[in-house]
Structures are given as C-alpha cells and as structure tokens.
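*Asks:* Assemble the complex: chain X is given as a structure, and chain W must be docked to it using the hints.
Just so you know, the sequences run in chain order X and W.
Letter by letter, the first sequence follows residues 1 to 301 in full-length UniProt numbering.
Letter by letter, the second sequence follows residues 1 to 559 in full-length UniProt numbering.
FYI, nobody ran anything at the bench for these hints, they're computed from the structure.
A virtual CB, placed ideally from N, CA and C, is assigned to each residue, including glycine.
Keep in mind that the hints are not guaranteed to be accurate.
Said to hold, decoys possible - Here are the computed lysine-lysine pairs in the BS3-like style, where the Cα-Cα straight-line distance is at most 25 Å: (1) W:504 <-> X:290; (2) W:544 <-> X:75; (3) W:26 <-> W:504; (4) X:290 <-> X:209; (5) W:355 <-> X:75; (6) W:249 <-> X:209; (7) W:544 <-> X:79; (8) X:253 <-> X:290; (9) W:355 <-> X:2; (10) W:544 <-> W:355.
Claimed, not checked - Residues of chain W placed beyond 12 Å of chain X at every Cβ, according to the derived structure: (11) 29; (12) 302; (13) 464; (14) 500; (15) 525; (16) 550; (17) 551.
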Amino acid sequence: MKIWNVSIIIVSAIALTLVSLWIGQQAYSWLPPQAAAESQLIDDLFSFLVTLGAFIFLGVTATVIYSVTFHRAGKYDFKDGPPIEGNITVEVVWTVIPILLVLWIAGYSYQVYDQMAIRGPMEVVHLHTPMGMESAYAAPMDSSTKPVENIEVNAKQWAWVFRYPNQGVTSTELHLPSDRRVHLAMQSEDVIHGFYIPAFRLKQDIIPKRTIDFEFTPIRVGKYRLTDSQFSGAYFATMQANVVVESAEDYDKWLAEVATHKPSPAPNQAAAEYTLQTKGLIKTGWPAVKPAQPPLVNYSN
Amino acid sequence: MTNISVKDINITSGANPDHEAGTGWKRYFSFSTDHKVIGIQYIVTAFVLFLVGGIFAMVIRGELITPESDLVDRTVYNAMFTMHGTVMLFGWTFPVLVGFANYLVPLMIGARDMAFPRLNAVAFWMVPVAAILLMASFFVPGGPAQAGWWSYPPVSLQNPSGQLINGQFIWLLAVAVSGVSSIMGAVNFVTTIVKMRAPGMTFFRMPLFVWAVFSAQIIQLFGLPALTAGAVMLLFDLTVGTSFFDPAKGGNAVLFQHFFWFYSHPAVYVIILPVFGIFSEIFPVYARKPLFGYRVVAISSLLIAGVSALVWVHHMYVSGTPGWMRLIFMLTTMFVSVPTGIKVFAWVATIWGGKLRLNTPMLFALGGLILFVFAGITGITLSSVPLDIHVNNTYYVVGHFHYVLYGTVTMGMFAAIYHWFPKMTGRMYNEGWGQLHFWLAFIGTNLNFFPMHPLGLQGMLRRVSSYAPEYEFWNIVASLGGFLLGMSTLPFILNMIASWMHGKPAPENPWRAIGLEWLVSSPPPVENFEEIPVVISEPYGYGKSEPLVAAAGEVHNHK
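Next comes chain W alone, as it looks inside the complex:
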C-alpha cells in the first residue's frame, strides 16, 4: 500500500471525475478531458476550418482563371492567400493531426488517457480561440493580414490603415496562441509516449503511428519557441516601435526569416510524419502483410526529426544568404530524402506480393503514396541551389508544396478518417461514396496542382493577383481542378454525416487489423481498457497470427 507510485494511480485507478461528462453529442461542446472526445473535437474543428480555407482557395482560383485582376480587389486577393495559407496550416493540418494523435496514441500504447488530460483540453480550446481571432480580422478597418503566411517584414510592418488593432496584429496574436497550444500538446504527447505505455509495450513494439507522433512532437518542442518568439518580436515592432526587423530603424529584415523558417520548415515534417505513420498503419492491414523493415522505418522518423533542424536556410537561398550557407543547407536538405526514401521503399515492399483490398482507406493511402513520391522528387530539385534560384517563389514551389500538403497530408488524413471511422463512431461508412470521394479528390488534386509545375518553370510567380497572358492555359486547368477538388468534399461530408447517424453498426475490428485500439469496443469505453493489456509481441503480425497481448492469467509469464 505504501509503495504505490504516481504512475500506478494515473494508469490503474482511472478515477478522473471529468470523464463523467456524459455520452451524447453535447460532450463534444464541453470541456471534456477524455482524449477521445478531445481528438474528435480537434478533427471536427479542423475540418470546419479546412472548409473555410477551401473557400478562400476557391476565391484565389477564381481570380486566377483569367490573367487580369478582375474578380476581387488586389488587397482582398492578398488577404485571401494570406488567410488561406494560415488557416490551412494552423487551422487544418496541425489540429487534424493532433486530433488523430490524441484519439489514437493512448489507445495504441494501452493507456487510459493522455498524461495531462486538463492541459490537453486547454490546448484544444485555444484552437477555436485562434480561429475566431483570425476570422474577426475581416471586420477590422484594414481587413485581415495581407503579408502572406510568412509575414516577412518590412511588408508586414507596413500598416496602411494606421490602426493599432489591424489584421496583421490579430494575425500575430493568433499565431502566438496557436503556437502556445501546440507546445502544450507537444509536452503532453512526449510525456504520454515516454511514461504511459502499457506493460510490455517497449519502444520497438510501438505502432509506427506512435513513433511518428513522437518524432513530430519533438520537433514542436525545439522549433515552435523560435516561431513564437519571432511572432512576438514582430508584434513588438508593429505595435510599440521596437526595431528588431525594421531596416528603416536599423533592424535586420532577414533575421525574421531565420526565426520563421527555423520552425516553419520542420513544421512540414511535424505535419507529414504522422501521415507517414498513418500510411505505415494502413498498408499492412489492407495488404495483409507485416510492415517491411519495421525498425528501420521507426528510426527513420527520428532521423527526419533530427535532420529537420538543419534545413531551414533552403527557403532563403536568394534572401541574401552567403554561398557557403547555400551549399551546406543544400546537402542537409537533400539528406532528408534518405530516411523518407527508406519509408517509401518499405511501403512498396509491404504492398508487394500482398493480398490487397482496395477499400477507401487503402485507396487514399495508395494515392497519397504516389503523390508523395512525385512531391519528393520535385523537393530534391528545389533543394538544389542553382535550380532553386530559378524556381524559388514561383508556382513550381506552390505545386510541390501542395503535392505534399494536399496530395500527401490531406489524402493521408482522409485515409485515416475512413480507416478509424468505425472505431470512433461505432458505425461503418458507405464504401461507394468513399470511393467516389477518392477518385474526385485524386483527379482534382492532379488537375489543380500539376499545372503549377509548368507555370513555375515558365516563371509565373506565387502571390500574384494578375499575370501575363501566356500563363493562362495552365491556370484555367488548375482552377477547374481546384473547383473539382472543392466539390470532392461534398460526398465526404454527406457520407460522414449520414453514416455517423444511420450507418451499419461497426464491430470491434472490421478490418481484421492488429493493434490495441482494435481490441476494445467501437467506440471505445470512456477509460479505454477495463484492464490494461500486457503486450507480448511486435505490431503488424499479419500472416504470423501471433497474439498481440497476453491473455488473462498469462501475464506473469511475459514480464
């Protein structure tokens, strides 16, 4: 009785009063501390913001369907691409992935909840706060921020409205709030994964999604303070007249770019690592084979996190960066392709010779894989200094970036939503609608983002509201693809709502998948596990049929 540790209390007692917040839809609007409720809160909030960011994208593509600036004012256009980038990154990709990590990590490692459930809830509720702040900026006199999601000074320090409360001010506040929320989340995830794993769940028995989340959240811990500090310094420059970044007052404008990219390039890996994790979860299930090279794939996530700290200057090859720096960062950037290459080859080897089932999650994962290979190859061309000098800040970069963030990340998120939908809601989604969604999204993605590559090679710049007539053809294709992509979410929304309300009840494990989350009911009970499972083997034992957990009474043999 006297030697019970804190860990035992957290894991085994499970007496968290906040968890009795009810079971109906109302709990999703409450300050719930159940990681599963918070996970769904994150995912749904992020999806709403995805639609908002999507509407901004439609305005952008609408403007660019003709060479002239004729749909919206130039100021409105600038606000549109600024807010599109901001909302999609800080409102969609980060929160939706944190949502999945929140939902799945405790289940996958055999914990009853996250390490700090209340911190978790606070971190979530800061997301709607940041989102409402951002949207409120449409109603201040100068309109929302217009300096792009990079907010490079001195453009971001110019304040034509002359008001203290202006769009850029609000933007910086929202970014800082979102940064603080993500740091809270990172502390929580890293602690949970290190301290709360079930007995027998060694690091090399963790599912790759958990490895990926772990690596990504480590990046958050070292990177986000830099961005948040940069944002606060810029806020001071804008409001109280400090001169960190204002060259007119002796500041250094390029310094901000270092602050910004020191985080914002690794941020791409924060976003994509969990998606790699999702691919690694999905391919073995639908190919009915173990993941090829599990340990190497696990370690490659940590390698990506490590190398990611040393790549940021590749955004600044033409920013007045000396030659030696351009060349060193070229090499480090290119080396990211080694661990990512390892993953791609491992996935292909997993699929090879399997017993494939092309359900919607598998289709999205396969589509995401192919689009990612394309993005990776254009990424190598971008890391090469001489070529980057040509295509930097052109649509070539925008195309590459959207193959990463729509082609890979968003496709991966849809794969995850379909795959874990039965677990989360206790109901099956409609397969036909899911496949329709995939094909519309896959075709739309390519129509929308492929044309950006030839446009960029020809020299069309990003962020322009009008362009030379010679760029018109590919822009029309891209815009039509964009509208198709916008429409592709309709079958998804209908499917999700209808299936959540009236779908066929889902069994515990509809995909015959291996993993702790598939051992509990769908949806899982409030504290996840009646009894904490004891893990006795590595994940992905497809074709080997060895048990993942020890049966009751066998526990002591496997300590």
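Chain X extracted, bound-state conformation:
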C-alpha cells in the first residue's frame, strides 16, 4: 500500500514537471519578437520563472482541487477531521526549499542583469559596493564592440526627438544600426518620462535635469514602437515613436540622406488634440497642460 502511494506521488511529480517544462517553453511566444540582444537573456529568465511558477501553481491548485473533490463532509457528517496540528520536519522542509529557490532565482537574475550591462544612472548614490557592478561596465554583453553610436534622446510633453550629434541630424523616428552596441544620452525637458521599447525588453526612466546613459544592442531588422512608460500627463498615451532597426549600410545611408533635409516642424498628435479639444461638443472644461512646441526636425514620419 505504501509503495502504491509513493509511486502515485512520483508519477504525479513527473507529470507535473513535464507539463511545467512545456508551459515554460510556451512562455517565449507570449512576448514580442526578440529585437535586442538583451531580450534573449530576459526571455530565457522569464521562461525559467514560468516553468518554476507553473510547477508551484499547478502543484498547489491540484492539491486543493483534490481535497475539495474527495474530502468533502457528507450532509449529515458532523465529525471533525484528524486533529493534526503540525509537523516540524514538513515545516522546516517547506521553509528551506523556498529559501533555496529564492537564492537560485536571485542569483540567475543577477547574472542576467550583469550581462545586460545596460548602464543607467550611477551618480545618484556614490557608493562603492562589492557587488561587481563596476566590472559589469567593463564587460558589456559583446565586449569586442564599444558603443559605436551616441544618440541624444530628448523627451518632452508629448514628443520624442532624437539627435545624432556627429551628423547634426534630428528626427522624431529613432533609427538604429543592427548588431552594434548603441549608447543613448537621455534627457527630459519637463516631467519624468520613460524610454521603453517592448521588443527590446528595455526600459529606463528619464529624470528631468539629469542625463541618463543607456546602452543596448539591437539585433533584428524591423520597425518597432517606442513608448513613454512613466505617466507624463494628459496626452501620455500619444507619446510614441517609431524605432527602425536597419543594417549598418542602410543606417549610414539614412543618416547621410537626412542630413541634407531642411528642418521642419514635426506633426504632433498631442498638439493636434489640444487644439481640437477647445472645439469639442462635450466639454468637462478640465484644462490640460499645453503641449510643447512641435519639434523642428530633419526627419519625421
């Protein structure tokens, strides 16, 4: 009888493991395409966490559902259940296992973060720690390539403007060369904005009056969306821009061509809506912050 019980538990555990592994593999398809080198690392971590999570969730839920199905009291059964108050061994085991899991997850997450080396602001708190973050700078993901592009990102209510200082080009569309590490210097003119490209899995707040450094490596040619990830006021949802990742040649060609364009005001949804609002039929009369001047750029989409 005991062997029978043990084998049921073993079979269930194996089945649970297989199902969890399968769900963990599915996790990749829940995410946008992997358009930056960093996204591959993050997706692997996510798949790992989904596998673990599925195992725990299904394990707990199955146990509860089993009890609810098979341990119901009959209509006239007013007896109590067995008065089991605890079991030290079991309690120690289920305290130690989560602690080990936490250390494992934290260690793996640290490793991924270290490899990403996306930078971000270090100047806020001047503390030299033994946690190895400095060395992370020395060894970014692809140590053979130093960041080749330095692009200035300027966020304001509600527009993105990108400036390529070497070519003197400004644009409302962010063009990036594929397979090269890029360096962004991000600034905000007014409130906190957030730089977020879901396909890159990367996000960084842009704090006013500070320059935020940010590094990553796009790897997949295509067109993606950049959004403002930190609530920035009335027209928050309109603060979007296209991100075009292209081959190095196409990228250089684009820069050279755009440099010849004359700067002109870019179309801006927030500004358009702000003017429309005053003509609307149903008005609450609630004022909104006036959008910043449409930026003058060499290139807009």
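*Replies:* Just chain W now, with coordinates in the frame of chain X:
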C-alpha cells in the same frame, strides 16, 4: 480597594457612558464608541466607496474596450484611474479591514472594547471626511487629481487650471487626513492587543487574525509617517512654492518616490496580512481541522511586517536607481515569498484530509487562496530586476496587483463578511445567493485580470487612454470581465440587505467554530462579555474538543 489598576477599571467596570447610544439603526449614524458599531460603520462606509471606485473602474474598462480614446476626454480618463486607485485603496481596502479588525479584535481577545474608544470613533469619522473631500474635487475648476494614485512629481506639480484649490491639492489633503486616521487606528490596535487581552490569552493563544492585525498595524506605525510627510511636502511644493521635489527649482523628483513607496509597498502587506488572518480563521472551521503549524504561521506575519520595511525600491528599478540598489532590493523582495509561502503551505495542509464544507465563506477563501498563489508567482517575476525592467509600468503589473487586491483581498473580505455576518447581524445570509455571488466574482476576476498579463508582456502600458490595435482582443475580454465583476456585487447587495432585514435568526455559533467571539450571543451585547472569559487553551482545537475557556468556578486552577 487601594490597589486597583487602571487596567482593571477599563476592563472590568465597563461603565462607558457613550455605549448607551441606543440599539436601533440610528446608532450607526452617531458618534458611537462601541467598537462593534464602529466596525460596522467602517465596513459599510468602505463598501459604499467600493461601489464608487467600481463605477470609476467601469468607465476605465468602457474606455479601453476600443483602442481609440473615444468614450471620455483624456483628462477625464486620467482623473478616473487616479480616483479609482485612490478610492479603492484609501476608501475600500484600508477601511474595510480596519472595520473587521475593530469588530473582531476585542471580541477575539476577550476585551470589552478597544483601548481608546473615543480615539477609535474620531479615526472612523475622518474616513467620510476624506471621502467627501475627494468627491468634492469633481466640482473644482480643474477637476479631480489626474496624476495617478502615485502622484509622482513633477506631473503632480503641474497645475493647468492655475487655481490654488485644485484637484491635486484636495487629493493631498484627503491622503493626509486618511493617513492621520490610520495612525490613530494603529496606535489603538497595538495598544489593545498588547494590553487588553483576557486572562490566559497569551500571545500564542491569540487567533491568527489578531496576529495578522497586530503585524499589519506595526507597519502602519513605521510606514505611514513617511507617506504623510511626503504628501505634506508635495502639498507645500504645490501651494507655497517650496522645491523639495520640483527639478525645475533644484528639487529631487525621485526623492518623492522613496517617500511614497517606503510606505506604499508595505501598505500592501497592511492590507493583505489581515486577509491572511481571515483565511487562517476560515480554513480550520470549514475543514474541521486545527490550523497546521499555528506558531510558524503566527510568526510569519511578523516576519512579513519586518521584511516589508526593506522592499520599497523594487518599484523604482527603472527610476534612476543604481545597480547595487536594484540587486539588494531584488533579494529582500523575493524573501517575502518565504513567510507567505509558509502560510500558503499551512493552509493547504489544513485543508488536506479535512471534512470540508463548501459554504460561501469557504468558497471565497478557497478562491482567494488560489488567486493569491497566482499573484505570488507573478510577484516573484516582478521582483526579478531584468524581467521587471521589461514589464514595469505595463499591464502585467496591473494584472498582478489586481490578483492581489481583488483576487485575494476583496475575495477575503467577502469571505469574512459572509462568515461573520450571522455574528454581526444576528441573522443568517442566503446561501444560494452567496454561492451565485462567488461564482460570478471568481469568473469575473479571472476574465478581468488575467488578460492583463499577456497585454503587459506584449508591452501595453498602464494609464494609457488609447492603445495600439494589436492589444484589442485581450482588452475586450478584460472589459467584459470587468462588467461581469461589477454585476457580481448585485446578488451580494440584495443578499445582505434582505438577510439583514428578514434573514433566519442566527444562533450564537452557526458554524460550530472555536473562538471567543462565538461564545457570545449574535449580535454580541454592548460590552461583549458579561464576565471576562479565562482562556485555557490554544485556538483551533478542532477534532480535539478541548474547552477554549474555563468554566465558572474553575478560574483559579488555570491562572
């Protein structure tokens, strides 16, 4: 005669003149100092605000059912999500739990009332004041606050209406009032639990709900001053031109985030700990088994309170936070899963092999448990820095958060309302309507909040009033789930009103539960206990049938 202590007077004389405020419905509109009246005042007020916050949610889900911004103005939308978050947190979850704690803690520890009954009443009456303030902001020229319930500067410092009395100003006042009220409550609860326990009610004989309230209120004591101070500083920045947080004038915008999250993450544990307490009360009764690992579960509440002081930066991984800080707070945040895991395993072990009865309270508790396990797992993914960088401020977070606050907290509150309804009103609720309510709420919760996870993973941001067409499918599902969730409260409201007026009279202990509150009549008399009980055993003695209290005349043997 000469050596009677203050404690004796409080507990045994029970001569509180305010308690003679009558017994009819009118006492609920009076400045009553009876903890039971105050408890019900809190619960009913909170529920009304829950409905208000729910209506705001319906507007939000109505707007998001299509990708375009076409139902309300963007300013109105921003006010809706700001007020939804504010009302649901400061108007529903905190007050409703304080209401239950108010009602149950003195009964559960064998006291006649809270330590400071008048402070208790003052603390309650500040809640309607804060709520009326908030609602009044709909009528000022600029409309209500629109900066989100976080109110991050500099957005919250922008004042397009140009008026001194604007929505953000009122919002900050209301938050400060609510903060002061909660600090008063915290002082009262901690004092009551430490000083007013009946003879024999040692700490390790306290019900787990009392442990949970105790731990949660300790968080209030260290955390709330930070939020209240942050709110007052922001108010000064907004009105008199100080520059704590305004970068344009040399202030530090990120500093506010530290003030805010230093309290507002632990606040989640303030809310959820009592719900864990409620689960721990309910599972043993309806499984007819002692709570598995009582002492570990009790201590885990205090552990959660302790660790909670060291997790706030996980809201700020992308806020310009240096790498070492991101990593330290990742580890502390993940460690919260250890004491919560202990609780979950203990509940599952309590249910295992029991004699289960799936009455409405048990259904809500089981549903809440399963939804909480899901929320806990997504919580771990959020604490991991690299993954959080991707999903931070997306609907993934909103989904996680609503599994915690609707799936767990609100389900737990409904479990508590049904479980203690006979005690509070002296009448039984209608079981069929209760079960209908559960199933509508459980299905609605999952339809509403599950789709937020795929949306967030795909990159849909929170607080947007319009979105890319590719997000439409899951938004439609979420909105339909939201409307179902809204409807699910109808059978609840009908059940509560009809049962309170015409329900079957409830006996003292309809669930055959163990606990001091079940030893008194339903509803309990004004001063709770004719004679203060003497506790002689640990709680949750299901299956052991040992008496909880000493019979009259036996008292001296058990000192």
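*Asks:* State for each hint whether it applies.
*Replies:* Results for each hint:
Note on residue 504 (chain W) and residue 290 (chain X): the hinted pairing is violated, with a Cα-Cα distance of about 61 Å set against a maximum of 25 Å. With a C-alpha separation of about 22 Å, the suggested pairing of residue 544 (chain W) with residue 75 (chain X) holds against the 25 Å cut-off. Of the supplied pair hints, the one linking residue 26 (chain W) and residue 504 (chain W) holds, its CA atoms being roughly 23 Å apart against a limit of 25 Å. Taken as a hint, the residue 290 (chain X) and residue 209 (chain X) pair is honoured in the structure, with Cα atoms around 20 Å apart against an allowance of 25 Å.
Between residue 355 (chain W) and residue 75 (chain X) the CA atoms are separated by roughly 11 Å; this keeps the pair inside 25 Å, and the hint holds. This hinted pair checks out: residue 249 (chain W) and residue 209 (chain X) have alpha carbons roughly 10 Å apart, not beyond 25 Å. In summary, the hint linking residue 544 (chain W) to residue 79 (chain X) is supported, as the alpha carbons are separated by about 11 Å, within the 25 Å threshold. Between the alpha carbons of residue 253 (chain X) and residue 290 (chain X) the distance comes to roughly 37 Å, so the proposed pair goes past 25 Å and is violated.
A C-alpha spacing of about 23 Å is found between residue 355 (chain W) and residue 2 (chain X), which places the hinted pair at or below 25 Å, so the restraint holds. Straight-line distance between C-alpha atoms of residue 544 (chain W) and residue 355 (chain W) comes to about 14 Å, which keeps the hinted pair within the 25 Å bound. For residue 29 (chain W), the shortest C-beta to C-beta distance to chain X comes to about 33 Å, beyond the 12 Å cut-off, and the non-interface label holds. The beta carbon of residue 302 (chain W) is kept farther than 12 Å from every beta carbon of chain X, the shortest such distance being approximately 15 Å.
In this structure residue 464 (chain W) is not separated from chain X by more than 12 Å, as the shortest Cβ-Cβ distance comes to only about 4 Å. Chain X leaves residue 500 (chain W) outside its interface by the beta-carbon criterion, the shortest separation being 28 Å against a cut-off of 12 Å. Look at residue 525 (chain W): its CB is around 28 Å from the nearest CB on chain X, clear of 12 Å, so calling it non-interface holds up. The non-interface label for residue 550 (chain W) is consistent with chain X: the shortest C-beta to C-beta separation is roughly 21 Å, beyond 12 Å.
Listed as a non-interface residue, residue 551 (chain W) keeps its Cβ farther than 12 Å from every Cβ of chain X; the least gap is roughly 21 Å.
The earlier numbered hints that this structure contradicts are 1, 8 and 13.
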